[in-house]
Every structure is written in structure tokens, then in C-alpha cells.
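S.K.: Modelling step: build the complete structure from the supplied sequences, incorporating the hints.
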Amino acid sequence: MSLIKFSNTRRPQFTPAFNDLFESVFNDSSISGRLMSKIPAVNISENKEKYFIDLAAPGLTKEDFKIELDKNLLTISVEPKAETQVDPKRYSRREFNYSSFSRSFALPESADDSGIDAEYLQGVLSIHVAKKEQAKPVSRKIEIK
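The sequence shown begins at 12 in our numbering and counts up one residue at a time.
Bear in mind the hints are in silico, worked out from the structure with no lab data behind them.
On a predicted model such as this, the values are computed, not experimentally measured, just so you know.
Where hints are given, some of them may not hold.
[To be verified] Calculated cross-link-like contacts (lysine-lysine; reagent style PhoX-like; alpha-carbon spacing at most 25 angstroms):
(1) 152 - 142
(2) 61 - 143
(3) 82 - 61
(4) 82 - 100
(5) 49 - 61
(6) 59 - 143
(7) 61 - 77
(8) 59 - 152
(9) 152 - 82
(10) 61 - 156
(11) 61 - 142
(12) 59 - 142
(13) 142 - 82
(14) 142 - 77
(15) 49 - 73
(16) 82 - 59
M.R.: Have a look at this one:
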């Protein structure tokens, strides 16, 4: 049995709040948007020299991040600071949310754990992990005898 998207045309009319609940639960974009807002998106790539981890986390500062390496497990986490400032604005909708998160990445054996650096620029945390010398591809011309 497969899950079928809820149709607005055949449901009984309940209270507006109850109808909104059904809309938010069965609307695919609403569910995926909520899940994606909790866990920052990441791009992972590599070249001959390094591995690159780019984590999209706008609205934070570099001081908000905690990056730890335990054996070959690289963990990036954020714990939001408690807001004590009272906002005088009265919001009709407030979607900005800076909740805690943690992402972990298992580094390959070819990663050089002493060659890791990070920078946070324009909402993207970029982590560069150097490769060990023996893991770097060697290019050379082979002469035929």
C-alpha cells in the first residue's frame, strides 16, 4: 500500500486550525522544507590535493560552530545561544530559526588529519582536508624501451 497525497476536495470541513494542520502534514513541500531547515545542506568534493566539505549555514558566525575530530570522524555542530533580548515587533509569521544541529563525516584513510582547516564566508562553512602524500595521484611519462 502506498501513501497517497491528501486531497482537499473530499474532506469534511473542520475548524480552520484543524484544516491547516492537514495542509501542513500532507503538503510535501511543507514537510521537506521543515526537515531541510533543521539540517544544513552539504556539498562534498575533492581534487588531487584535498577533500572539500561545504556546509550551507547562513545567519551564523564562525564562533557559533564547533568542529571536532575523533579518530576519523569529523563532527560539525552548532548550539544556539539563548536569546534574552525581547523583540518589540509583533510577528504574524516567523520562519527564521537557528536550532542546534550536528553533522558527522567519516574521513577516508587517505585523509591527512593534521591538514584540516576551515573558514566561514558568506553563509558557507568550508572545511578543507588535505590528502596524505601516498594518496595523491602521481603523474609521469613512462618511457618505452
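S.K.: Is it true that the CA of residue 152 sits at most 25 angstroms from the CA of residue 82?
M.R.: 37 angstroms, violated
S.K.: Does residue 59 pair with residue 143 here, judged by a C-alpha cut-off of 25 angstroms?
M.R.: Roughly 10 angstroms separates the two Cα atoms, so the pair holds.
S.K.: Hint check: residue 61 vs residue 156, CA-CA at most 25 angstroms. Holds or violated?
M.R.: Violated, at about 35 angstroms.
S.K.: For residue 49 and residue 61, compute the direct alpha-carbon distance and say whether it is at most 25 angstroms.
M.R.: It is violated: about 28 angstroms lies between the C-alpha atoms, which goes past 25 angstroms.
S.K.: Regarding the pair residue 142 and residue 77, is the alpha-carbon distance no greater than 25 angstroms?
M.R.: 22 angstroms, holds
S.K.: Holds or violated: are the alpha carbons of residue 61 and residue 77 at most 25 angstroms from each other?
M.R.: Answer holds: residue 61 to residue 77 is near 21 angstroms, not above 25 angstroms.
S.K.: Can you confirm whether the C-alpha distance between residue 49 and residue 73 stays at or below 25 angstroms?
M.R.: Given that 25 angstroms is the threshold and the Cα spacing comes to 18 angstroms, the pair holds.
S.K.: Going straight from one Cα to the other, do residue 61 and residue 143 come out at no more than 25 angstroms?
M.R.: 9 angstroms, holds
S.K.: Is the straight-line distance between the alpha-carbon of residue 82 and that of residue 61 25 angstroms or less?
M.R.: Satisfied, since the Cα-Cα distance of roughly 18 angstroms is no more than 25 angstroms.
S.K.: Residue 59 and residue 142 were given as a pair; does the straight-line alpha-carbon distance stay at or below 25 angstroms?
M.R.: 8 angstroms, holds
S.K.: Has the given pair, residue 82 with residue 59, been kept, meaning a C-alpha gap of at most 25 angstroms?
M.R.: 23 angstroms, holds
S.K.: Measure nothing beyond the straight line between the CA atoms of residue 59 and residue 152; if it is 25 angstroms or shorter, mark the hint as holding.
M.R.: 18 angstroms, holds
In terms of the numbered hints stated before, the structure departs from hints 4, 5, 9, 10, listed from lowest to highest.
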